[in-house]
Amino acid sequence: MSVEASLTCREVVELLSDYLDGELPEPERVRVEEHLAGCDGCTMVLDELRETIRLTGMLTVEHVSETQRTTLLEAFRGWTSGA
Amino acid sequence: MSRTRTPTDDLALVELLRAGDETAFMMLIDELGPAMHRVARMFVSSDAVADEVVQEAWLGVLRGLDGFEGRSSLRTWIFRILVNTAKTRGKRESRSVPFAALMGDDLDEPSFDPARFFPSGEGAGSWSTLPFDWRGMPEERAEATETLHVVAGAIAMLPPMQAEVIRLRDVLGWSSEEVRNVLDISETNQRVLLHRARAKVRRALEEHFRIESEGTS
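First to last, the sequence lines map onto chains C and V.
Start counting the first sequence at 7; every next residue gets the next number (the numbering used here).
Start counting the second sequence at 2; every next residue gets the next number (the numbering used here).
Worth double-checking, as some hints may not be accurate.
[What the hints assert, rightly or not] If you want the footprint, here are the derived chain C segments under chain V, 3+ residues with CB under 8 Å:
1) 11 to 19
2) 23 to 29
3) 53 to 63
4) 68 to 82
[Unchecked claim] A few chain C residues that don't get close to chain V, going by computed Cβ distances all over 10 Å:
5) Glu34
6) Val36
7) Arg37
8) Glu39
9) Glu40
10) Leu42
11) Ala43
Just so you know, the hints here were simulated from the structure itself, not pulled from any lab data.
Just so we're clear, the structure is a prediction, and the values are computed from it rather than from any experiment.
C-beta: ideal position from N, C-alpha, C; glycine also.
Work out the full structure: start from the sequences and follow the hints.
This is the structure we're talking about:
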């Protein structure tokens, strides 16, 4: 039942993030896959988005400053001693 | 990456905190502290005030520990307290941040430049100008410190909510459900913000690799 018009590239690229996260509803997922099967440009963007996510995951996690840690630890000690 | 704790883990952790376990407390501070500071900073005027808000929120967390029943995850519960504290403080500072400024005013626009697609005619909506293809990069080039600086720089340029969603999801590996609970945004907004953020980071990487390849060819 392909009554609906197939997706254009412009539409597909907006769905790729959800597609990668497995968050597209079934009919839409199928339509995206049908499009990707015949479209090198969108497949490229998909690969690049996947790589973007992987590289983002390599960023180092920020740390809490020593001053803040000390302040909070003191607050915790105050709280445990029932202050 | 911080893994998602199960409700049982959360309750066990809360027990440790109630018993005054400093290691458990510091672990939680290190895990949540930076994100708490950034989220607080969205609502208040300076980093110093955001630090105060975070401290106040932790005190609220400790005072409320006995009431934690595990109906939401511990970090969702902590962030609720944080966001309420930050909003109250922001109001007291008479600082009202327009929602659009936090989310970005570009949410209704396409995340890919419309000029890259045919506007009309038979091929309307298909690629007219393909983006630069930066796939197949040798790993040491893709993962170079410089590349990661590009990623971090692109995230730093994002509107605060877009930046926070991509940090929580893709840097820290939180689930979409947790991110939307913690930031108090709808499921749709979470997805839109994440997609926009990723598209902009991808775009920054494309530019970076394109310029780099022009320099070498």
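Consistency of the hints with the structure:
1. Judged by the Cβ-Cβ criterion of 8 Å, the region 11 to 19 of chain C is covered by chain V as claimed, because 5 of its residues qualify and three suffice.
2. With 4 residues carrying a beta carbon less than 8 Å from a beta carbon of chain V, the region 23 to 29 of chain C meets the three-residue requirement, and the given coverage holds.
3. Figure legend: the region 53 to 63 of chain C, annotated as covered by chain V; annotation consistent (9 residues with Cβ-Cβ distances under 8 Å, at least 3 required).
4. Evaluation of the coverage hint for the region 68 to 82 of chain C: fulfilled, as 10 residues show C-beta separations to chain V shorter than 8 Å, against a requirement of three.
5. Against the 10 Å criterion, Glu34 of chain C stays outside the reach of chain V, whose nearest CB is about 13 Å from its own CB.
6. Listed as a non-interface residue, Val36 of chain C keeps its Cβ farther than 10 Å from every Cβ of chain V; the least gap is roughly 19 Å.
7. Non-interface call for Arg37 of chain C relative to chain V: holds, since the shortest CB-CB distance, roughly 14 Å, exceeds 10 Å.
8. Residue-level check passed: Glu39 of chain C sits 17 Å from the nearest beta carbon of chain V, beyond 10 Å.
9. Against the 10 Å criterion, Glu40 of chain C stays outside the reach of chain V, whose nearest CB is about 14 Å from its own CB.
10. The beta carbon of Leu42 of chain C sits about 13 Å from the closest Cβ of chain V, which is more than 10 Å, so the claim that it is off the interface holds.
11. The claim that Ala43 of chain C is not at the interface with chain V holds, since no C-beta of that chain comes within 10 Å of its own (minimum 15 Å).
Checked against the numbered hints given earlier, the structure satisfies every one of them.
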